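Chemist: So you can see what is in the structure, the chains are spelled out below.
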Amino acid sequence: QQQVKQSPQSLIVQKGGISIINCAYENTAFDYFPWYQQFPGKGPALLIAIRPDVSEKKEGRFTISFNKSAKQFSLHIMDSQPGDSATYFCAPREETSGSRLTFGEGTQLTVNP
Amino acid sequence: GAVVSQHPSWVICKSGTSVKIECRSLDFQATTMFWYRQFPKQSLMLMATSNEGSKATYEQGVEKDKFLINHASLTLSTLTVTSAHPEDSSFYICSPRGGAAEQYFGPGTRLTVT
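Line by line, the protein sequences are chains A and B. Residue -9 is where the first sequence starts when you use this note's numbering, and the numbers rise one by one after that. Residue 56 is where the second sequence starts when you use this note's numbering, and the numbers rise one by one after that.
I should point out that these hints are in silico values taken from the structure, not numbers from a laboratory. From a predicted model like this one, the values you see are computed outputs, not experimental measurements.
One-sided excerpt, in silico: chain A residues whose CB lies under 10 Å from chain B: (1) K32; (2) F79; (3) A81; (4) R83.
Idealized CB from N, CA, C, for every residue including glycine.
For reference, chain B alone in the conformation it holds in the complex:
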């Protein structure tokens, strides 16, 4: 399968600060990037979808000004959680998709906001 990396894998930040999560598709070009959030013992919740070079489309209830997504290249996408609060603590997973049918998943980033 394809190789997807996320950085950092684990981050703790203070309430009110911003955190940037990077997602890289190392061996294929991601024309579409999905960002998910997963709370403990729950399923994956789609936050937003972005196509390379275009603005992201956010799911209902996801604040676009709080969760900034950049997909400037076919191998890199970033998710920035701005003014983070404890309720933003979660497991964030990127999921790039190339031209083929397969959608791959990153290893995830554990965010803890204190």
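Looking at chain A on its own, in the form it has when it is part of the complex:
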């Protein structure tokens, strides 16, 4: 069974601070590394994703870093805002498994005003 370990389980940061969430995986066949954002009572939504041919991708305040040798990727939220308070999931995917996402346990982020 695929193993995806996400940390921390919960995170509290002050407004304007940097939020960092990590994801470690075991399956070296994963070829798509997304982060999803989920608000209470809603379905997840893609936040940012990276493929293994690059080591970093930035979209606005959100950056995803990928370390292939360490089998880890992380989400960095710069200038964190109270509206970023949500649960974040990493969910790497292996194309040969029929594009099945393997969800991490989730990180509940709280950004205090």
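Once you've looked at the hints, dock chain B against the given chain A.
Modeler: Using the frame of chain A, we list chain B on its own:
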């Protein structure tokens, strides 16, 4: 992003009854549909995967006769929870995928079985 709808968004039913949840991809054709279940404070758990016109493939531990999935068209899939029990109370989320890499998620359906 793509538009995905689920209906109903919230349903309460009595134990022993059946509930049908609809998932529609409004602006793209979903060749593959994933159905997830999420308990409070937990991650998403894949229940089954279906391709349009084919029988669904269920994950280990998911009863196929209890959770009936129909994916008869490229824009509509349904999940029917048969003979629902309180332990089936959960948040059910559909996730259609078209021909491209992206997999989208519906807004979810909150099922409460009393």
